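So the protein sequences, as listed, match chains A and B. For the first sequence, counting from 1, position 165 maps to 164 in numbering that gives the first Met the number 0; every step adds exactly one. For the second sequence, counting from 1, position 53 maps to 52 in numbering that gives the first Met the number 0; every step adds exactly one.
There are no misleading hints in this set.
Residues from chain A shown here face chain B by an in silico Cβ test under 7 angstroms; the list is partial:
1) D6
2) G39
3) A49
Listed next, the stretches of chain A that the computed footprint assigns to chain B, with coverage defined by at least 3 CB atoms under 8 angstroms from CB atoms of chain B:
4) 13-25
5) 50-58
6) 61-70
Negatives, chain B to chain A, calculated, CB over 10 angstroms:
7) D52
8) F74
9) D101
10) Q143
11) E146
12) L165
13) Q167
14) P168
Since the hints were made in silico from the structure, they are not lab data. The structure displayed is predicted, hence computed values, not measured ones. From the three backbone atoms N, C-alpha and C, an ideal C-beta is built for every residue, glycine too.
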Amino acid sequence: MEANLHDLTAAYALDALDPEDVQAYEAHLARCERCRDELGTLAEAAGALAYATDAPAPPPELRARILQRAHDERPNVTPLRPRWLVPVAAAAAVAACLALGLGIWAASLSSRLDRSHQALAAQQQIAAILGDPKSTRNVLGSRRGTLVVSPSGRAVLVVNRLAPAQKGQTYEAWVASGGRPQAAGIFGGGGDVNVVLLRRPVPANATVMLTLENAGGSAAPTRNPLLVVHNAA
Amino acid sequence: MREYVQTMARSFAHLSDEAVVALVARSDEEALAELYDRFGRVAYGLALRIVRDEKLAEDAVQEGFLTVWRNADRFMPERGKASTWLLTLVHRRAVDLVRREDRRRTDPLPETTELTSGDSAADDAWLRFERERVQAALRQLPDQQREALELAYYGGFSQSELAERLGQPVGTIKSRMFTGLARLRELLADPNGESAWKPTFTT
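Hey, can you work out the whole structure from these sequences and the hints?
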């Protein structure tokens, strides 16, 4: 019986077990390390199938209803920690606040960074670009990030939640403005946010792209762009 | 400094999905809202594809998010991504609903969803990118594997129902589902794929 249960992992990941098998399989899962590992990978692949569907916007009231229900279920719970203790690794804090500087706090960010001991030269440049109210902000879809371009064309690419580049590979940013894309910097990805000061200016109507390249970067993009953003300045 | 950190905590843009779920586990309602803003659309699209009824789809999405709200403290990031967990919950609920309503008998399964042009999703480049990527990977699967995955995942059919519907032994169905999922995972993990891109920019 146990041997047969091993074979049910894919069906379980797809929610395709017959109802009478679910309990037996879940009991098996609790004691079978191999199936738990396998389920982890297969469930991820199954979850990817969710993205292959059309995604019409849900009705706006659904959001409000979910949040109201959630609130009603736990109206009196006090968070264990006050809000300002949200754990953010100190090293990540500077990069994180640079990303956050895209909001209404951007204007005062530069001076804050000046006061910070961690304000390095590149970060000050980044802060200047992000903090300039005249900078253009081109938002990438699904909060993937933002391309911020100062009036002089200096640009910062902020990318959220980018998986780390695999060994032997690197992310490379490109600027294309009516000609061949020009290399504009490489970085490894990973972490919650990548803030990249582009090495080339980004003119109005230029396009910034991100590709995966072999370590060290390439002379020209060799793979499909992961992100494409147009500078609407 | 406190004001500074407080300002940061009000935005979640720098937090991973898993970190947002950790905040949800602390009953942070804003974190739940953030999670919805990141995945509500995908979750709704998935549920709608399965139940093919807007009200039922909303139910599935709502149950999925409320289950996260109730159980976020039990989420184990080392076991998988937060998005996978959430979408699994929505999927399970949608499959339960569709089986209960038994809508599958009366409603023929549509062909694989193709991109709809001019859809409001057009403003969401990342979702579109993900959709194209997964659809391209699906197209590379042998027909029988793709059929098994689609009927199971989008159709809500159980493996014995699939066996009956396709006139195959259950063992064959199991094997198609396993091989299909494993291959899909490889295809999605390989950034080189078969899609090496040649730039077409000209001077």
